[in-house]
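Taking the hints into account, I'd like the entire structure generated from these sequences.
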Amino acid sequence: MSLTQQQESSEVQIRRPVIRSDRRELVGMRSTLEFQFGSFEVRNYSATGIAILVKTGADRFIKSDTYPASHNVDGIKVGTYLLSVVRKAQLSSGEGTQVAFELKSGSIPIDKIHTIATVCKVLSGFNEAQQEMSKIPLEFRRLTLEAKLFLQNLEARVEEMRIEKRYCSLQELQSFETTLIPIIAKLITDWFEPGYQQLEASLKDVPAADIPKCTDFFREQLKELIYQSPFAHRSVSKPLGYAGDFEMMNIIYRNEQVGTSLFGKCLHAYWLDHSEAKAVRNRSKYLYEILLRVIRDRAGAPLKIGSIACGPSREVQMIIESAAEHELDLSNCEFHLLDQDVNALKYAHEKLWEIVKGTNSPVRLNFINKAIKHVITRRWQDSDFDLLYSAGLFDYFSDPVARMVAKSLFERLKPGGKLVIGNFNLTTPNQFGMRLALDWSLIYRSREDLKRLFGDLEGDFSIEQEPEGVNLFCVIRKPETP
1 MSLTQQQESS EVQIRRPVIR SDRRELVGMR STLEFQFGSF EVRNYSATGI AILVKTGADR
61 FIKSDTYPAS HNVDGIKVGT YLLSVVRKAQ LSSGEGTQVA FELKSGSIPI DKIHTIATVC
121 KVLSGFNEAQ QEMSKIPLEF RRLTLEAKLF LQNLEARVEE MRIEKRYCSL QELQSFETTL
181 IPIIAKLITD WFEPGYQQLE ASLKDVPAAD IPKCTDFFRE QLKELIYQSP FAHRSVSKPL
241 GYAGDFEMMN IIYRNEQVGT SLFGKCLHAY WLDHSEAKAV RNRSKYLYEI LLRVIRDRAG
301 APLKIGSIAC GPSREVQMII ESAAEHELDL SNCEFHLLDQ DVNALKYAHE KLWEIVKGTN
361 SPVRLNFINK AIKHVITRRW QDSDFDLLYS AGLFDYFSDP VARMVAKSLF ERLKPGGKLV
421 IGNFNLTTPN QFGMRLALDW SLIYRSREDL KRLFGDLEGD FSIEQEPEGV NLFCVIRKPE
481 TP
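Each residue of the sequence shown is one higher than the one before, starting from 1 at the first, in our numbering.
Be a bit skeptical, because a hint or two may be false.
To be verified - Under the rule of at most 25 Å between Cα atoms (straight-line distance), these lysine-lysine pairs were calculated in the DSS-like manner:
| # | residue 1 | residue 2 |
| --- | --- | --- |
| 1 | 55 | 88 |
| 2 | 121 | 148 |
| 3 | 278 | 238 |
| 4 | 148 | 238 |
| 5 | 135 | 121 |
| 6 | 346 | 238 |
| 7 | 451 | 414 |
| 8 | 223 | 135 |
| 9 | 451 | 285 |
| 10 | 285 | 346 |
| 11 | 223 | 148 |
| 12 | 213 | 223 |
| 13 | 451 | 373 |
| 14 | 63 | 88 |
| 15 | 223 | 186 |
Calculated directly from the structure, the hints in this document are not laboratory data.
Note that the structure is a prediction, hence the values are computed from the model and not measured.
Listed below in structure tokens is the structure:
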């Protein structure tokens with residue numbers, strides 16, 4: 001091999017491919033190059049080069065000429081460069097000309113740009129959050145944080161008492177908790193009753209669009225405290241997609257001292273001691289007594305009863321369980337239990353058949369998985385009922401829907417049949433607390449509201465209530481056939 005060939009071979013062996021830096025863009029941020037004759041938007045950049053958009057006057061940039069420029073990102077200076085034009089190209093979008101430069105020395109501080117971008121993004125989010133926070137009244141924020149501090153301090157005291165009892169026997173511990181829990185629950189009630197009133201008053205001038213921001217702030221601040229209660233946690237988390245599901249009703253009916261901690265048990269007792277929870281427990285007793293009277297009055301005769309949005313059917317459980325005690329003949333009695341939630345029906349089916357088998361009851365049970373729209377549109381065609389009742393469904397209906405459902409149910413009664421409609425009273429005391437803390441909203445109605453809605457149904461009309469006066473019941477009896 002000649003010397004020339006050896007040199008050429010050596011040159012080929014040491015040649016390396018050119019590696020170019022990736023071009024980068026700053027999305028959502030303003031990046032500019034400042035020249036003596038103007039400021040231009042940066043389109044992309046790499047460690048060794050940068051490109052700008054020149055809308056007009058691109059001829060001022062001459063290829064191979066050098067230009068000093070200052071680089072800014074969102075108003076923050078990144079560096080000063082000496083740039084040489086390497087390429088100019090008209091953009092197909094018609095925006096102008098892209099002019100590309102290379103750095104004559106040094107490099108573009110990419111890490112610094114990324115840091116600025118990150119900080120600006122965080123600060124932008126922070127500023128937006130501060131703007132949103134400004135829409136929450138200062139007094140509401142103060143009261144919320146005061147409530148948080150109250151619960152934190154109370155939780156710490158309860159925990160201290162629990163630790164003191166850690167070496168007690170199980171019996172002593174149970175006695176301690178049974179005594180302590182209602183005392184702490186009452187203390188929470190006494191603090192929050194006026195507290196909710198003050199919180200509600202602080203929102204009186206807040207636009208409706210900003211109320212959710214206030215609600216979210218309250219729940220976010222107190223979530224680690226109030227949602228230790230299984231009742232409150234289920235109400236807010238809504239595992240079945242809605243508040244007031246069948247298991248919520250079961251929690252109220254059981255009325256047990258449960259929770260993720262001793263303080264959680266106190267909070268749970270606080271919620272279950274509210275007038276609303278007491279009214280739900282009273283409601284099952286009220287419906288049970290109605291069933292008891294109807295079955296006794298129609299002893300020996302066929303009896304068809306329907307429960308709309310039946311949930312766990314607590315009152316039906318109670319009737320079957322107590323039939324022997326009250327000498328009730330259920331052999332001609334059939335219950336039609338309708339609910340749109342198949343989980344509620346599965347629970348009711350399992351629980352009721354367990355009781356039926358345990359008592360050897362002859363009662364007939366029919367479980368119907370239908371939505372209330374099927375009642376209105378007659379896709380559920382059953383009729384000739386002696387008794388139809390709905391305990392807690394109408395609290396969620398607007399007036400027009402409530403009228404339609406009531407009319408459809410009333411038409412399904414036999415002559416002499418009875419329709420019972422439950423609705424929470426307009427005077428229910430803790431409406432705001434339920435909405436704010438539990439995310440549980442109802443449509444409350446007065447006696448006058450119920451009379452206006454259902455009074456035109458052609459039957460004997462009366463309004464009853466459970467002992468708390470929270471749950472009202474319209475009782476409408478269809479006239480006998482002449």
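Tested hints:
1. Proximity of residue 55 to residue 88 is assessed by CA-CA distance (about 12 Å); at most 25 Å being required, the pair is judged to hold.
2. Taken as a hint, the residue 121 and residue 148 pair is broken in the structure, with Cα atoms around 30 Å apart against an allowance of 25 Å.
3. Between residue 278 and residue 238, the direct Cα distance comes to roughly 21 Å. Compliance with the 25 Å bound is thereby established for this hinted pair.
4. Our distance criterion of 25 Å between C-alpha atoms is met by residue 148 and residue 238, whose separation comes to about 23 Å.
5. For the proposed pair residue 135 and residue 121, the alpha carbon gap of about 22 Å is at most 25 Å, so the pair holds.
6. Between the alpha carbons of residue 346 and residue 238 the distance comes to roughly 18 Å, so the proposed pair stays at or under 25 Å and holds.
7. Taking the CA atoms of residue 451 and residue 414, the gap is about 22 Å. The hint holds against a cut of 25 Å.
8. For the proposed pair residue 223 and residue 135, the alpha carbon gap of about 21 Å is at most 25 Å, so the pair holds.
9. Between residue 451 and residue 285 the CA atoms are separated by roughly 24 Å; this keeps the pair inside 25 Å, and the hint holds.
10. With a CA separation close to 22 Å, the supplied pair residue 285 and residue 346 stays within the 25 Å bound.
11. Proposed proximity of residue 223 and residue 148 is supported: the alpha carbons are some 9 Å apart, at most 25 Å.
12. For the suggested pair residue 213 and residue 223, the alpha carbons sit about 15 Å apart, so the restraint of at most 25 Å is met.
13. This hinted pair checks out: residue 451 and residue 373 have alpha carbons roughly 23 Å apart, not beyond 25 Å.
14. Simply put, residue 63 and residue 88 have alpha-carbon atoms about 8 Å apart, close enough for the 25 Å limit, and the pair holds.
15. The suggested pairing of residue 223 with residue 186 holds, with an alpha-carbon distance near 20 Å, which does not exceed 25 Å.
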